[in-house]
Amino acid sequence: MENSEEIVAKVLRNLPLPQDKFAPGSRFWLTLYLEGSPTAYSLAKTQLHALGWVNLCEKDDFAGFSYPKKEVLNATAVVCDALRGALSVCKDTGLDIGLIDADTETEPANSSWHNLYKQT
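Heads up: the sequence shown begins at 1 in UniProt numbering, then just goes up one per residue.
Just so you know, these hints were derived from the structure itself, not from any lab. Built from N, CA and C at the ideal position, the CB exists for glycine as well. Incorrect hints may appear among the rest.
Stated by the list, open to error - Dumping the calculated SDA-like pairs for lysine to any residue here, alpha-carbon to alpha-carbon at most 25 angstroms:
1. K69 / T46
2. K118 / L43
3. K70 / E105
4. K118 / S26
5. K69 / T120
6. K21 / P108
7. K70 / F22
8. K70 / S112
9. K69 / A23
10. K91 / Y67
As the list claims (entries may be wrong) - DEER-style ranges, computed between Cβ atoms:
11. E105 / R13: 20 to 26 angstroms
12. S26 / T120: 25 to 31 angstroms
13. H49 / L99: 19 to 25 angstroms
14. P16 / D96: 22 to 28 angstroms
15. D96 / H49: 17 to 23 angstroms
16. S112 / D81: 20 to 26 angstroms
17. L51 / E5: 14 to 20 angstroms
18. S37 / P16: 31 to 37 angstroms
With the hints as constraints, model all of the structure from the sequences given.
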């Protein structure tokens, strides 16, 4: 996994979000696409939940991928703070982040999205 500041720098290059979908000052769902072992996920889940991330699957349902979300204000500093917390947990537990998206809704079928980061 790239280091946290490299990921944040890539996210910053994709901000601000398109105003036609994400109005300034509105809220949206920041979505992580996590990859890793069930053991790493088990270690990370409680910590991510404590930081306000939801949509965390149960360990028995974890098949190498999870897509936690956190509702954030559409403000660069808020987005970066939320990401830094999650990135720290992922680094400490050995989870990789494949993608980071901004979503207008929690359900993908109803959501407009904008990609903020893709692992290289």
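Comparing the hints with the structure gives:
no., hint, result
1, K69 / T46, "14 angstroms, holds"
2, K118 / L43, "23 angstroms, holds"
3, K70 / E105, "11 angstroms, holds"
4, K118 / S26, "24 angstroms, holds"
5, K69 / T120, "22 angstroms, holds"
6, K21 / P108, "14 angstroms, holds"
7, K70 / F22, "15 angstroms, holds"
8, K70 / S112, "16 angstroms, holds"
9, K69 / A23, "19 angstroms, holds"
10, K91 / Y67, "16 angstroms, holds"
11, E105 / R13: 20 to 26 angstroms, "24 angstroms, holds"
12, S26 / T120: 25 to 31 angstroms, "30 angstroms, holds"
13, H49 / L99: 19 to 25 angstroms, "20 angstroms, holds"
14, P16 / D96: 22 to 28 angstroms, "27 angstroms, holds"
15, D96 / H49: 17 to 23 angstroms, "19 angstroms, holds"
16, S112 / D81: 20 to 26 angstroms, "23 angstroms, holds"
17, L51 / E5: 14 to 20 angstroms, "18 angstroms, holds"
18, S37 / P16: 31 to 37 angstroms, "35 angstroms, holds"
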